[in-house]
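With the hints as extra help, turn the sequences into a complete structure.
Line by line, the protein sequences are chains A and B.
Each residue of the first sequence is one higher than the one before, counting from 1 in our numbering.
Each residue of the second sequence is one higher than the one before, counting from 1001 in our numbering.
None of these hints come from the bench; they were simulated from the model.
Beta carbons: idealized from backbone N, C-alpha and C, even for Gly.
Possibly wrong hints are sitting among the right ones.
Claimed, not checked - Now the stretches of chain A that chain B is said to cover, found in silico as 3 or more residues with beta-carbon under 8 angstroms:
1) 59-73
2) 79-87
3) 90-96
As the list claims (entries may be wrong) - Simulated restraints, written as ranges between beta carbons of each label pair:
4) Lys172/A <-> Asn1305/B: 29 to 37 angstroms
5) Leu120/A <-> Thr1012/B: 25 to 33 angstroms
6) Ala64/A <-> Arg1301/B: 54 to 62 angstroms
7) Asp21/A <-> Leu1238/B: 30 to 38 angstroms
8) Arg111/A <-> Ala1010/B: 27 to 35 angstroms
9) Gln65/A <-> Phe1180/B: 24 to 32 angstroms
10) Gln85/A <-> Gly1139/B: 37 to 45 angstroms
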Amino acid sequence: MIQLDVRNICKNFGGMQALKDVSFSVCNNELIGLIGPNGAGKTTLTNVLDGVHKPASGQVWFNAQRVDALPPYEVARRGIGRTFQITRPFLRMTVLENMLVPAMALHPTARKRELRRRALEVLVFLTIERLADEYARSLSGGQQKLLELGRLLMLDPQLIILDEPFAGVHPKLRETISQFITTVNEQGKAFIIISHEMETIFTLSRRLLVLHWGQLIADGPPEVVRKDPAVIQAYLGAEEKARPAAGGAGNA
Amino acid sequence: MIPRPDRRWAATGALIALLAIAPLYLSQNTYRMSVVTGAFFYAILASSWVLLAGIAGQFSFAHMAMMGIGAYTSGLLGRELGTPPLVGIILGMLLAGVVGLVIGFLCLRLRRAYLALFTIAFSEILRLILLTEFQYTGGANGLRLAPLYKDITPVAGYYITLALLLGAMALMYGLAGSRFGLFMRAMREDQDAAAAMGVNVVRYKIMIFVVTSMIVGLAGATFYHQVGILTPNTMELLQMSLVIAMAIIGGIESLLGAAVGALVTRIGLELLREINIFGLHIELGSWRYAAFGLLLMFTLRFAQNGLFYPIINRLFPQRVQRALMTKRGERSERGAS
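In structure tokens form, the structure reads like this:
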């Protein structure tokens, strides 16, 4: 069943067209990788999906409801959760307080004790429960990444958009985050993962979208996208066109 | 020995009791009485500014303007329409809330320096209108306000302002500790991330302007009915800076710290008017503000959490600090064994 339906999205910043006629859909439980060179429009697309930017034209539908005109908090409450390219925890708040923000926003009438219990369960799942009363600013970069994922789980979205979840993290933490994505995906949540970590994203995703200069140039299984001439050209440039396709985009 | 969690309540009770019996000593001198009453008023201004700027992250300079709106509304209604002070105070508080709503709405997209400059401009426009339209407002000569009630005594004024301070503190502590406070702090830290977590930042940003404007509107109207005269100078940038400085010296993220900071600095400034050292009589006059400025510079450079908040926090640590200290103690014990 189609959960997210992106229809002919265009977005301009002044004279620059950041997104050109982008269309795709995401079904329940899908795990999609979104790749593209720097400046391809990946983060702009994320900002359009979560309501930060309004598209110049086109529509975004989520669970059969149009969401492209909604503010970010309303999009979040409808079930689209996201992380940011650079982790943005609430630094002068404790880990537990960070976790309670989305929970309380989503469940205004729920008892605080119940929400705290749920938050502690999520922290146990992420193996950072011992940090519950620490201030977020005192956490390492990797722990802050985990906290951001924890906040997302408290929001309980149906579609999770992760912007560069593997950037600058230790290989062990990368493994933990991959495991987190797989487990949560198996629990029924759909993912769109933006990443430059080609090896990880090709292994993890079951479908890849490739953006280049704001246009969707490929959409398909990783093994097909890897050999797509347009993708190879986007990553390696026209002069590399003649080289063998195998491993081309994957090693970019 | 009283357990630590209860110490906070015991200390609060003792402080309130001390303030309640203080008029037994203070009432012998009307001047002292008025200084302490004025300090209570400044404590409301500083602590409510902390709620707005320190906790919610809205660095507004329009706080004194909101206070002035409450006071001028009540004063003008009383003079022009004969409205009783109590009704005037309530209407002044409501109008301050409405103006706070408009300012909050206009400032939705403004942050940090832009918000500060916008609110400075608003305050100055309002002050200049009040100064220029002297046929209504009395201009620089001031607007005379009727007393709160006939034959009000300085002791009654003291208790009324103290009650306002305690009421405002209770309300603000309630808000800061609620989900409203949690969202405020999340917005202060990162407005976009808070929105992505489902927080309606527009609603809460407007709400914080409305709430704090109503608090200072009520305080301003009530206080200036006791003072009896109100001039546009009370809303000038210098006065706003004084309130901000009190909050910074007390602790910009602490309601109690800011209130204590305001009380101590306001009373301190009065004590420094003239001092006697070894029989030498010195009139400090405006120099006391220079000393105040030095204290502010020292705080900003060396004690960014304020001078009073760290002391309060050390004596009466909050739940989170207690939990952290306990956990760290347990960890170090485990490490040792």
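Task: Violated hints - listed by number, lowest first - done: 7, 10
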